[in-house]
Amino acid sequence: MLKIENLTKNFGKITALNNISLEINSGEFFGLLGPNGAGKTTLMNHLIGFLKADSGTITYNDELVKFGDKQIKRKIGYVPQEIALYQELTAYQNLKIFGSLFKLSKKELSINIDKALELVQLLDRKNSAVKEFSGGMKRRLNLAVSILQSPEVLLCDEPTVGVDPQSRNAIFEMLQQLNKQGITIIYTTHYMEEAERLCNKLAIIDNGQIVASGSLTDLLNTLDRKKTIKIIKTAETESLYDKLCEIAAVNVFDFKYEIIQNNEFQKDSQLYTYFEKIGLSSNLIEVSSASLEDVFLHLTGRRIRD
Amino acid sequence: MSNIFQMFKKDLIRFMNDKTAMMLTFIVPIVLIIIFGNIFGGNNTSRGKAHVIFVNKSNSEIAKLIEAKLDSSSNIQLIKKYRVEGTDSILSFTEDKAMEYVRTGKHAAAVVFPSDFLLDTSATMNIKFYYDPRNEIESSIIQGGIQQTIFSQLPEIFPALLARQANNFLGETKANGFRNDMANMISSYFNIPKDSILKFASTKITSGLLKQTSSDSTKNSFIENLINFDSEQLVGKDLKNPQVTRIVGGWAMMFLLFTLTGIATSLFEEKQEGTLRRLLCMPVTRTEILLSKYLFSLSTGIIQLMVLFVFSWAIFDVDIFTNFTNLLIVIIISASAAVSFGMIITSHATSLSQANGVATLLILVMSAVGGAWFPTFLFPDWLQVVAKFTLTYWSVEAFQQIMWRQAELSAITLNLLILIAVTVIFNLYAINRFNKGKIF
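Protein chains in written order, with my numbering: chain U, 1 to 306; chain R, 1 to 440.
Bound conformation, chain U alone (with noise of 0.2 Å):
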């Protein structure tokens, strides 16, 4: 459906996107994972033909999807990283100036307005002024201009940033929702959890280049170990880092330790022993299945939010 191939993008000497190729298959909920700065955004604005690609090309339903393409753009929605919406005028206003430049009859434009505020669960407050509206309300109503074409797909850019996790919990229904109604679904985040919550298929960028892709087994089978195994921070653990760390690599937290297992260590159970030898309590040892922020370090040797 959506197949990008080889795609590059240089801002002056910065390189954003360095040979970039994947696929979208119709239907999919895929999450573009990366950290900040790691050429999502950049990414979302080639597909919705923002951005003049320096070489390598996107094809959608084996057209090639041009700089500026309107017909593209009919049939790609896209939910913007910020809330980009007129703050003084109201939600029904701001849907009805937007809607009307997909060229729907005025009948069609109204239904999907309606459909719209329906599914953002803003249909009381559409003639509210969006700047009396709250932050998880305008994350929805920016959900919601995205829509109003019907489009086949969704491009979603870390719509989710600074919400409260009951919006963010809606939000992630409501795309759930529009994806099982057949909408392709591309969703950039640094969140793992989101993307472990949301995708289906995954894909993991970073300093513009695609280092993984593929669905979340796929993903975690890349892991030599399904497991991590974590100690919680306290005054005891503390005075045995140093034993810790001469049986393997350790990563510090706020509050946790991080075990990295090592080829010396590759059952559990030896790892165990040696945590009851050097007399670690089992009730500060956490050990938790793997994650894509496992995946990412794994690919990557750095955390996602490093």
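For the record, the hints were derived by calculation from the structure and aren't laboratory data. The structure presented is a predicted model; accordingly, all values stated were derived computationally and were not measured. Check each hint, because a few of them may be wrong.
With the Cβ distance kept under 8 Å, some of the chain R side facing chain U (calculated, not the full set) [stated by the list, open to error]:
| id | residue |
| --- | --- |
| 1 | Gly37 |
| 2 | Glu273 |
| 3 | Thr275 |
| 4 | Arg278 |
| 5 | Cys281 |
| 6 | Met282 |
| 7 | Pro283 |
| 8 | Val284 |
| 9 | Thr285 |
| 10 | Arg286 |
Glycine residues also receive a C-beta, built at the ideal position from the N, C-alpha and C atoms.
With chain U's structure known, arrange chain R on it following the hints.
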């Protein structure tokens, strides 16, 4: 104290990093001081001369003497010839041609020394002064300059007038004897060569014999009677409020530039808010976005100017309806040019604050130099040339022609063509940059 100093330092660093604030704080006032200094400062030699048409129909030696003095005046530039339109031939001004030039606004004033400039039987010099008080200060300067020149020549003119009166009353033979005796006496008492005294006292008036003109009863003194300054206002006689009519166009243009540049640069605000990017992600072209902004700015500009002119009519009785169609055309074209100015600023600025800073600087300078605040003839010659490179100059001139002398469009064709050309060039350039994604 340390805290105060640290916070002071913080403000200083922030200020130094804010190029717009620096520009508005230092550059704008310095530029305006330079302009005002050149206009009103003490260096009068740098001020341009007031151009005035001059026609001398008199054969009088005194008329020639005054003409020579006016020629060398530092305030006045006499224009004696004109080029016949569409040809290379250059002719001397006649009185009628001079009046036509003043009426059509090609020059602000004309001075005519008529054939009866100085009657043999009179001590009064008749001068005709045709003027267009569109620029009241300019007319006053010209009148004052001419009077000053004539009065400064009184020591030379006065003996000649006396000699002529003596000839009239005593006869030439007796008058010559009288002058001879006087010369002997002055020479002996003041030790001045007799020949020089005689030459001074025998200045001949060569114009024909003419009768004594009736003196104006309001002129009581002899000095006042020396010059009969017959002024005739050729333009704007019927205007009810000439003062406001003179300035309304200039001020309207300045505020128009501020308003429209503000709207054009609002693209930066839309960029910051993200709405511009959202628009660019919708099925609209960059040209459509820019043209919609242009159309809105133009409409706002036209309405703003209309409101200002209607207000000046309602409150100050400025006549806007006699030549309303032409006024509307000038309003539309001026507004178009002002929007294109905003577009060109937007197409080159990198941020909203930079756009606002540059726009403020340019608008104030263009208003000062282009004649929105005071007439350009007050400027030094070099600044008068610079004025012609501003939008304000061509627009203000067009407004004055339309409102002051109810001129036809043909009288402001050049103004309109220049404003249209600027509009087209600026907009094409801005659209080109916007389409290539060089702006946003």
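Here is what the structure says about each hint:
A hinted interface residue such as R:Gly37 counts as satisfied when its beta carbon comes closer than 8 Å to some beta carbon of chain U; here the least separation is about 43 Å, so the hint is violated. Hint on R:Glu273 holds. Least Cβ distance to chain U is approximately 7 Å, under the 8 Å limit. Interface restraint check for R:Thr275: the shortest CB-CB distance to chain U comes to about 5 Å, inside 8 Å, so the restraint holds. A cut of 8 Å between beta carbons decides the hint on R:Arg278: the least distance to chain U is about 4 Å, and the hint holds.
Taking 8 Å as the C-beta contact cut-off toward chain U, the hint placing R:Cys281 at the interface holds, the least distance being around 4 Å. At its closest, the beta carbon of R:Met282 sits 5 Å from a beta carbon of chain U; the interface hint therefore holds under the 8 Å criterion. With its C-beta approaching chain U no nearer than about 4 Å, R:Pro283 sits inside the 8 Å limit, and its interface hint holds. Because the closest C-beta pair between R:Val284 and chain U is about 5 Å apart, less than 8 Å, the hint holds.
Checking R:Thr285 against chain U by beta carbon gives a least distance of about 6 Å; that is within 8 Å, so the hint holds. Annotation: R:Arg286 was flagged as interfacial toward chain U, and the flag holds, the nearest CB pair being 7 Å apart, inside 8 Å.
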